[in-house]
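Number 24 in this note's numbering belongs to position 24 of the sequence shown; there are no gaps in the numbering.
Accuracy of the hints is not assured; some may be wrong.
[Said to hold, decoys possible] Computed Cβ-Cβ distance ranges for the label pairs, DEER-style:
#: 1; residue 1: Thr-213; residue 2: Lys-168; range: 37 to 47 angstroms
#: 2; residue 1: Asn-167; residue 2: Gln-232; range: 44 to 54 angstroms
#: 3; residue 1: Gln-232; residue 2: Lys-173; range: 41 to 51 angstroms
#: 4; residue 1: Leu-228; residue 2: Gly-163; range: 36 to 46 angstroms
#: 5; residue 1: Arg-66; residue 2: Asp-156; range: 19 to 29 angstroms
#: 6; residue 1: Phe-185; residue 2: Thr-220; range: 27 to 37 angstroms
#: 7; residue 1: Met-230; residue 2: Asn-167; range: 39 to 49 angstroms
#: 8; residue 1: Pro-141; residue 2: Lys-224; range: 14 to 24 angstroms
#: 9; residue 1: Ile-203; residue 2: Pro-141; range: 17 to 27 angstroms
#: 10; residue 1: Asp-169; residue 2: Ile-217; range: 28 to 38 angstroms
Worth flagging that the hints you see were computed from the coordinates, not collected in a lab.
C-beta: ideal position from N, C-alpha, C; glycine also.
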Amino acid sequence: MNKINDHVSLESILTREINYWQNTRSTLQPAKALPVNITLSFDHGTKINELADRIGKSLNWKVYDRELVDYIASNSNVRKEIIKSFDEQDRSQIELIISTIFNNQTLSSETYFRFLVDTITSISQHGSAIFLGRGSHVIVPSSRALKIRLVENPEDRIKNLMGVNINKDDAAKDIKAGANKKSAFLERFFLQKKEDMSFYDLIINMSTLSMETAESIILTALQKKFNLSMEQLFFSEKRAS
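Hey, can you work out the whole structure from these sequences and the hints?
Right, here's the structure in full:
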């Protein structure tokens, strides 16, 4: 399974992934010289995990969720190891991207945000990855990512959250709280009082499209945007799992 989850040590997985980057960076195929990525933005309760996992398996790409990105951003040793795994030219490119972002006066320069940008930028430079939220649609340059916004009507999102330990009322409250957190995050770190939809390449309605159709649309758009075949996009090198 490509998605990194709570059942496995984040530190051990990241250690294997960093070792992989260090051992294979000189042998990557030409198509990977400028890796492309996917960013998936969504509202709380959207069926995001299944879709991300499906795409990750189809492409053999890693999926980086909010928990993992936050873990790296808050762990200075992990951040340093990731940066060390680059050669000097790649490090300069990362610094250029980060400097460009922080020269943009619409962004906050708080310490956490700096680490967040550093983390997502570094991972996106290493190899093709799928990012779930965390402002990745703004941080990763459009020339390097297919940016997707998933929408789903509130009733469906409530149903997605409902289970043994949560009833309809609690699910509705959870949806509202998630929306407030998302708005606060965008306003605090990106000074966006209203989400700017122009950042996205595609908006996909998960209430009207099947999981299979959504996956097919994203994979087709990825190939078309970067003029690459599935064979070129598929990460054929053995990955840490």
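Hints not upheld, ascending by number: When the structure is compared with the hints, only number 1 turns out to be violated.
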